Structure formats: structure tokens, C-alpha cells
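Protein chains in written order, with this note's numbering: chain A, 1 to 380; chain B, 1 to 600.
Keep in mind the hints are simulated off the structure, nothing from the lab. These numbers were taken from a predicted model, which means no experiment stands behind them. Hints may contain errors.
Stated by the list, open to error - Selected chain B positions facing chain A (in silico; Cβ < 8 Å): (1) Ile-520; (2) Ala-521; (3) Leu-528; (4) Val-590; (5) Tyr-591.
Said to hold, decoys possible - Chain B regions said to be covered by chain A (calculated; three or more residues, Cβ under 8 Å): (6) 532 to 539; (7) 570 to 582.
Don't be surprised by glycine CBs; every beta carbon is placed ideally from N, CA and C.
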Amino acid sequence: MADLFKEYENLLPRKILTEVKEYLPPKCSDAKLKKILVAVYKEYSDSRAQPGESVGLVTAESIGEPGTQMTLNTFHFAGVSELNVTTGLPRIIEILDGRKKITTTMMEVYLKKPYSTGKDIKKIAETIKETTLKEFVDEISINIANMQMVIILNKSKLKVALLTEDAVAKILDKGFKGFKFKIQKDQSLLVTPSSKDAALNEIYKLKEKVKDTYISGIKGITQVLPVKRGEEFLIVTAGSNIKELLKKDYVDSTRIFSNDIFEIQGLFGVEAARQAIINESMKVLDTQGINIDIRHIMLVSDAMTMSGKVMGINRYGIVKEKPSVLARASFETPIKHIINAALTGEVDYLNSVIENVMINQPVPVGTGLPGLITKTTKTK
Amino acid sequence: MTDVYIDNKFVGIVKNPKDFVEKVISERRMGKLPITVNILHREDLKEIRIDICGGRSVRPLLVVKDGKSLLTEKHLDQLVKNEITWTDLVKQGFVDYLDALEEESALVAFTQEDLTEDHTHLEISPLDIVGLTTALVPFGNFNHGVRLSQGSKNQKQAIGFYIANFFNRMDMDVNILNYAQRPVVETLMHRTLNFDKHPSGQNVVVAVMSYQGYNMEDAVVINKGSVDRGMGRSTYYRPVVSEELRYAGGLIDEVGLPDKEVKGYRSERDYRFLEDDGIIYPEAVVKEGDVIIGKSSPPRFLSSLDEYNLTSSSRRESSMALKHGERGVVDFVTITENSEGNKLIQVRLRSQRIPEIGDKFTSRHGQKGVISIIVPEEDVPFTASGTKPDIIFSPQGIPSRMTVAHMIELLAGKTGALSARRINSTIFDSESEVDLRKELLGMGFVENGSETMYNGITGERYQGKIYVGNMYYLKLKHMVANKVHSRARGPIQLLTRQPTEGRANEGGLRLGEMEKDTFIAHGTSLLLKERFNADNTIVPISEASGMMAIDDARTGKSFCPNFGENTEISHIEMSYAFKLLLDELKAMTVYPKLELEGKY
Numbered sequence: 001m002a003d004l005f006k007e008y009e010n011l012l013p014r015k016i017l018t019e020v021k022e023y024l025p026p027k028c029s030d031a032k033l034k035k036i037l038v039a040v041y042k043e044y045s046d047s048r049a050q051p052g053e054s055v056g057l058v059t060a061e062s063i064g065e066p067g068t069q070m071t072l073n074t075f076h077f078a079g080v081s082e083l084n085v086t087t088g089l090p091r092i093i094e095i096l097d098g099r100k101k102i103t104t105t106m107m108e109v110y111l112k113k114p115y116s117t118g119k120d121i122k123k124i125a126e127t128i129k130e131t132t133l134k135e136f137v138d139e140i141s142i143n144i145a146n147m148q149m150v151i152i153l154n155k156s157k158l159k160v161a162l163l164t165e166d167a168v169a170k171i172l173d174k175g176f177k178g179f180k181f182k183i184q185k186d187q188s189l190l191v192t193p194s195s196k197d198a199a200l201n202e203i204y205k206l207k208e209k210v211k212d213t214y215i216s217g218i219k220g221i222t223q224v225l226p227v228k229r230g231e232e233f234l235i236v237t238a239g240s241n242i243k244e245l246l247k248k249d250y251v252d253s254t255r256i257f258s259n260d261i262f263e264i265q266g267l268f269g270v271e272a273a274r275q276a277i278i279n280e281s282m283k284v285l286d287t288q289g290i291n292i293d294i295r296h297i298m299l300v301s302d303a304m305t306m307s308g309k310v311m312g313i314n315r316y317g318i319v320k321e322k323p324s325v326l327a328r329a330s331f332e333t334p335i336k337h338i339i340n341a342a343l344t345g346e347v348d349y350l351n352s353v354i355e356n357v358m359i360n361q362p363v364p365v366g367t368g369l370p371g372l373i374t375k376t377t378k379t380k
Numbered sequence: 001m002t003d004v005y006i007d008n009k010f011v012g013i014v015k016n017p018k019d020f021v022e023k024v025i026s027e028r029r030m031g032k033l034p035i036t037v038n039i040l041h042r043e044d045l046k047e048i049r050i051d052i053c054g055g056r057s058v059r060p061l062l063v064v065k066d067g068k069s070l071l072t073e074k075h076l077d078q079l080v081k082n083e084i085t086w087t088d089l090v091k092q093g094f095v096d097y098l099d100a101l102e103e104e105s106a107l108v109a110f111t112q113e114d115l116t117e118d119h120t121h122l123e124i125s126p127l128d129i130v131g132l133t134t135a136l137v138p139f140g141n142f143n144h145g146v147r148l149s150q151g152s153k154n155q156k157q158a159i160g161f162y163i164a165n166f167f168n169r170m171d172m173d174v175n176i177l178n179y180a181q182r183p184v185v186e187t188l189m190h191r192t193l194n195f196d197k198h199p200s201g202q203n204v205v206v207a208v209m210s211y212q213g214y215n216m217e218d219a220v221v222i223n224k225g226s227v228d229r230g231m232g233r234s235t236y237y238r239p240v241v242s243e244e245l246r247y248a249g250g251l252i253d254e255v256g257l258p259d260k261e262v263k264g265y266r267s268e269r270d271y272r273f274l275e276d277d278g279i280i281y282p283e284a285v286v287k288e289g290d291v292i293i294g295k296s297s298p299p300r301f302l303s304s305l306d307e308y309n310l311t312s313s314s315r316r317e318s319s320m321a322l323k324h325g326e327r328g329v330v331d332f333v334t335i336t337e338n339s340e341g342n343k344l345i346q347v348r349l350r351s352q353r354i355p356e357i358g359d360k361f362t363s364r365h366g367q368k369g370v371i372s373i374i375v376p377e378e379d380v381p382f383t384a385s386g387t388k389p390d391i392i393f394s395p396q397g398i399p400s401r402m403t404v405a406h407m408i409e410l411l412a413g414k415t416g417a418l419s420a421r422r423i424n425s426t427i428f429d430s431e432s433e434v435d436l437r438k439e440l441l442g443m444g445f446v447e448n449g450s451e452t453m454y455n456g457i458t459g460e461r462y463q464g465k466i467y468v469g470n471m472y473y474l475k476l477k478h479m480v481a482n483k484v485h486s487r488a489r490g491p492i493q494l495l496t497r498q499p500t501e502g503r504a505n506e507g508g509l510r511l512g513e514m515e516k517d518t519f520i521a522h523g524t525s526l527l528l529k530e531r532f533n534a535d536n537t538i539v540p541i542s543e544a545s546g547m548m549a550i551d552d553a554r555t556g557k558s559f560c561p562n563f564g565e566n567t568e569i570s571h572i573e574m575s576y577a578f579k580l581l582l583d584e585l586k587a588m589t590v591y592p593k594l595e596l597e598g599k600y
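Generate coordinates for the entire structure from the input sequences, incorporating the hints supplied.
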């Protein structure tokens, strides 16, 4: 029995083999198994794409046709009121265009035990969130006579973010040269210019700058939302910064999730980005109730990441990489492509579909692909 | 303190807003202010808004005071006797014209019975909630709203007797129904519009049943006997117009039989209907290609020498001829002058349109359908009394569309036809269905309108009872005769050598970008090549220069313009459009060099 499976190891994908093993009747003779495997192999090889099958066009049609329904459904956003994530057609366009900056980035941060059971979840969430000084400030007053500024900090808010007045003063002292930040006895923050001849308007400028100074948390994470999913607690965030979050020891680094494909590419490489494109696309299509075979999406993401980095399906991306001048010219901005080709003396080898349709030659696809080679022997 | 705005511009403050609004309204009703001034008091915002600008739609409503309409029976009597008119009512303040703004503050009663102390206005008639054509839908209040608007849209496309002097007119695309009838099931709007003077349909007998599957998917089965007796028969009129234009230099078009020397002379046969004045005679039966008005024009570009040598040979032919697929009979010929003083010839063509497979018919409820078969009268199912339906309508069209009024009209039409009276079916004010059923029962018919029917082919009795009655049916102006088109070979464009476009030009049916993709997706690449070879050409290519060479037919030799005869010249098959692209690239100084390679 094991021998038979071994024989088919290279012929059938592992998933199919395990499925065969799973559904095998408890008592199965070798002859019967052989029959099953032969039938499975036939079915498998019949359902593979034939050489010359135009998989790209079939993919385009398979995504394009149900895609037209998507414009009609106005289900383009999802989420709770404070966390709104783009889905639907805008999101699909965003993914396939290979946009570097997406409209709504978000993360799902899974936590290690015991935090995943809900321990300190709110505290952790607050520390992750990027905070600026103005969130801790009750009042900022300027004393014109003494050329001083007094910042009154909110104690309870500082406590939630696990900060002290001293820590804030240190951060500010580092950030702003030419001013001294000191904690007074009443725990308020006194700001004095280092040099005595500082102008008053500098202090006013400082007041505005100080408000937006980064104090704590992780940059880029603008909102946090602790969520209970099943038995587990996790943190959903708006904004994304995987790199910084991975440094935190309470984060389960094996399950961290972000919807920013370019961030994933930068951190984990292009293969991860390819998988991210597939996952993100399928997620949208599933929520829209559109049934597209995952292989079509895989082909699209393969095309997008083939060159080693994520490229959009547009004239700046994968269309630019087409080897044929005529194919590029027939897509968008024809004059640009023809002039550039003329300048460099580009040669079009007519290897692809569009060029051959243009000159009315058989398209190298399907029946147009194979050539017939025969050996001729001279008859005497 | 309340702010007052006129057309969204702040104008002032009033201390007593309620009195102010009341005063504006009463002055308007007294005629001191224009009738179209509208006012709204927003107590929550402490604002009074007055709109006087143009472009707001307003609608008339009866003024109500203390739960009673100011318009009384007395006034109605006077109106009927023509003692007073509408403007008198408006002047006396019985009618308000409300816009969307002032409607916010009004409480409008739908009928007189609904009136309470709180109401400010009364609807003149419930009919007001629908428009002109929608009011023509019988029993409209029983239909789904969407069907009402579809029904009214269909009625606009119906062929009828739209004007009585059509034979004196030269309108474009005129359809006249030969035997138009006044509907049995009428509405108030039909009477108001004098619909009997210009009806647009016919009362026909409709059976709601299936007929051998021929009326699937909204198709309509019609009785050939009815068609032979004139049902749905219409006439199509179309003018052919030509004008003697004047050109610079005193040159002028000339209507008349073109000289044989004229450039672009057609065959003599094409001119056979023309009389001596170059215009066709009435009642000539014409087909495509036949000349209706013969005309020749001066040459387009006149050199100075030509002016002294204006022979007919330099003139060009510019006759009006029938285009591809057109046919008809010359109905009427006029020779006049237009406003510029040019001679104007108008010829009206007529063609009779007998219902055929593909013509579109509809009831007044958005239940449109296309004729799928014209059944010989002997095969049409018949009732016990021998009545044969003119139209067999599929019951599948009813449930999902919820056109209940369609069913009621059928019953009402039957009752009306049998009792020889018109049925009032005005929206919200129609005769009750219960009464109609009773009346039908009284005349010896089954109360619900169904009847026993017999198969016209076998004579067997149908097991079920068939719902059969009379309805007003409309023939729509979309007729296949104006639309059928096919082509195997035909004219091509000069520039691209690809087939022309459109039915009138005998054009090809385009296999477009997405259709092309399906061929590729199927992998049938040789079929795709065959389908696209309409503009295939063989071009001689010089292998040295990679550009087009010249085939000299006189010497039988081929040569390259750049390298002469010492180069290999190959004949290459390509689409003419691609050859054109190469030429255009050359025109923008791009050198498209073809590098030839053996295919095998």
C-alpha cells in the first residue's frame, strides 16, 4: 500500500494524495487502491490546463464578468464606525493597480498568552497607539512677561499610557533644542528658552509644534480597537507598522496581519507579497459573494510579482514590461511607445497574441501554437 | 425675531412671523402678490423663506378652510355652465399653486372625504398624482408603480392616428395605424384629451394561455385571420428631400434627369421612374437603388480654366436614391421653394406594414411582447361560442410583474364589449371590479371571465378554463422591417478596407474586442484569423529595406524604391489595417522595418 502511494508521489499533488488516504475504505486491497489511483491520476491530468491554453484570457474573463456586478453593489466599505476599511471594487482596483499608498491600512495584532485571554488588553492597546503631546495636555499657557510656557499634563491619561511627567519632559527636551523642559513642584511642565534673547513669537511657534510631538506608542498606528474573536482577544488597528510591532514581546509574531501589501513586500519579500495579494483579493471577493476560482487570482498575483517586486496591472506596471512594442502601443499612450521604440530601434518579434491579431497572423495560442515537423525521405 | 430670506438672500427681520406669513398668503390669494410666490416658516430655525425665482415647479391645490374646501358645488355648476373659468377660481383665491418649499407646511387631503380641521389643502383630483400619459393606464391604482411608468412609456411609442392632416405633411418617420379604435376601457384622461379623435390602438380579444410554447418569454401569438382583417396594420411614411443648392460663382444644382456624361452616373435602369422634370411620379413602386429625385451638382473644386468650360462632363451626379433595404410606393410629390429661395423637392414614400414575426405589441400595462408566430385562423383555440382570440398572451408574464390592472382591464373590456358601453377605468375612480363581474354574470358568462376553450388543431376541449376577454392593444413603432440586417459580402471602407458600419450602409456585424477575446480563450486561433481576414492583403516587401516594394505590372518585375531590383522581394500576407499603420508610421518619420523570416 505504501509502495503504491510512493509511486504516485511525484505524479499527484500531496493534497490529493492525502485526500485519497482519508477517504479510503478501511479494508482496501492493493489492486483496488491501484485502480483508484489510476482513476484519480486520469481525472487529475484531464483537469490540468492543456499546453497552449490561454489561461490569462480565461482569467481576465473569469474576473471581469462577475466584476461587473460589483459596481452595482454599493457595499464598498466595512467595519465599525471608527474603523472603516475599504472593500469592494475600490479595494480590488487598489490591489490590482499596485498602489503604494492604500486608502485604509489596518492590522490585526494577535497576542501571546496570557495576553490573548484578555489580560491587560486595553493597556496594551493604548501603548501601541501613536500618541502626541496634545492628548495628554489639559492646558498650555504662555507667560509673556517671563518668556515662559507652562504645560499642564493630565495625570490619569498619562497613567493609562504608562508614562510619567519626567518621561514626557525628557522626550520633549530631546526633541526641541534651544528650550529647557522642567517639571515643577506641582507636576506641571515649565518651558524656558535657553538663550535670553529669544523672541516671543518663537515661543508661540513652539506651542503649536509641541502639540504634535510624538510621545509614545508605535508610529503609524492611529487607532486601536481590542476585539474578542472566538475565545481569543486581539487588537485591530488602523494604520500599519509591522516592523515595530514585531519588536514587542507580547505580540504573536507568527500570526501578525497587515493589509499593506508593500509593507509586507519590504519586510518579508515578494513571495509574501504575492500571497498577500491573493488573500486580500479573495477576501474582498468572498465578502461580495462573488465566486472566482482562486487559481485565477493566483495567476494575476503571479503576473504582478513575476519581476521580483509588486507591479500594478497598468501602463506603469506590468504592461510596461511587455517585450512587444505593438502590444504596449495598443494598450495606452501609443505614440509614446512608438516614438521610444523608434529612438532605440526596438525589434518586435511578434511572439505574443495582440501583435499577431493586428497583422492578422495565427495567434500563438491554442491551435495556433503547435507546429508540425516531419522528416522527409527522398523516394527514389 | 425671525429672519426673512427671499431666494436664499437675507432681506430683514420680522417680529411677528405667524402674522407675516398669513399676510403674505392672504395677499397672494387676493391677487396683490404674484400667484407663484411661495413662503415657508421654519419655526425651528427661526427663518421665513420666500421663493419667487423662476424654474420651480408648482402645482395647483384647492384651498381648505375649517375643514371645508372653498370651492363649492355652486362653483362647479358655474364651471360646467361655462359661467366662470379656471382663472376666476385662481383670482378668487380658491386655488393655491404650491412648490416644494411651501408644500412642507401644507397638509393635503387626497379626497374630500379625508378632510379634517387640520387640512390646509385638497387635491383637485386624485388623478393628479400621475402624469398625462400615465393617467391613460386603465385601473392604474391596481398596478405596481414601475409598471405604470413602463406602461406610459410604451404608450408614447404606440402607432396611432396621431394627426388627421398627415397626408398634407412631410414629417419624418410617420406611422399611421390604418384602423385605429377608441378604447372600450377608457379613463377620464382619454375623454379629456379627445382620445377618440386620435386613438392609438385597437380593441382585441385576448386569451391568457400558452400556445405550443410559442409565447414563452413575453412573445405574443397572433391570429392570422385577425391580421388579414386588418389588425395591427399600419402605414409608414418617409419623405425624401432634395434642394437645388446655390454655390459661389453663380453655380447651381440642377434637378432633372442627369446627363450620361455626368460623373458618377448610375445605370439607366436606376433612373427609369423619373419623368422629364427629373422627379419620380406618384404611385411608382420603388426598391433599393432606385432614384427618387435626379440631380446633378457642379464640380467640387473649380479651377479657373473650368469656368469657361462648364460642360456636363465636369458635373457630378447627386441624385437621391433609396438606400439598402428600403422599399415603398411614392405617395406624394411636392415642388416648392424654401426660405432661401432654393427649389425644394419633397417626395413622400409610403409602405404598408402588415404585422409580421418580430413586430412589437403591448397592452397598456408595460406588458410588451414580440410576435413569435402568426397562427392560421383554423388552428387558433376557440370558445364554446366560437370566438377566436386575436392575441394569445402568456400567463407567465403576470405573477412576477404584478400587473393586476392588466387582468382587470381584460375583464372590464369583456364586459364593456358585451354590454356595448365604455367602461370608466380612471385611476382611483374606476368602476368596481365586483360590479363588472356581476354584470358579466348577468349576461350569461362565467363571473370570473374564464371560458371553456377548445384546441384549434385537434378540437379537443382544454381541461382548464381559459381567461379570455377584450383588451386595448397597441402596436409599437419598432418593426422588424426597419431593423433586419445581415451580410456576407458587401461594401468596404476606402481607408481601411474593412467593412462599412451600420444597417443603412449594408455594413458588417462587428466582431469586437471582447468577442475576439473569446476566440483566443477557446484557443481557436486559426478561426480567429479567418474571421478577421476581411481586409487581408498581399504586400510586396523588399528584404533589404524592410519596406514596401513596388510590383510593376507593365514590366512584370518587382523592385524596391530604395534598392532597385538587386534585392529579394517577398510577398507577405497581412491585414490592410496593419499596412495602413506602417504607412502612418512612415508619415511621422518612424522607420518600420520588417525583418522577414522563413515561416517553416
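These are the hints, each one checked on the structure:
The beta carbon of B/Ile-520 is positioned within 8 Å of a beta carbon in chain A (closest approach about 5 Å), and the interface hint is therefore held. At about 4 Å, the closest approach between the beta carbon of B/Ala-521 and any beta carbon in chain A falls short of 8 Å, and the interface hint on this residue holds. Annotation: B/Leu-528 was flagged as interfacial toward chain A, and the flag holds, the nearest CB pair being 6 Å apart, inside 8 Å. Here the hint on B/Val-590 is kept, as its CB sits about 4 Å from the closest CB of chain A, short of 8 Å.
Among the interface hints, the one on B/Tyr-591 holds; its C-beta lies about 7 Å from the nearest C-beta in chain A, closer than the 8 Å criterion. Residues of the segment 532 to 539 of chain B lying with their CB closer than 8 Å to a CB of chain A number 4, which satisfies the three-residue condition for coverage. Counting residues of the segment 570 to 582 of chain B whose CB lies closer than 8 Å to any CB of chain A gives 6, so the stated coverage by that chain holds, three being the minimum.
Going down the numbered hints, you'll see the structure goes against none, and every one checks out.
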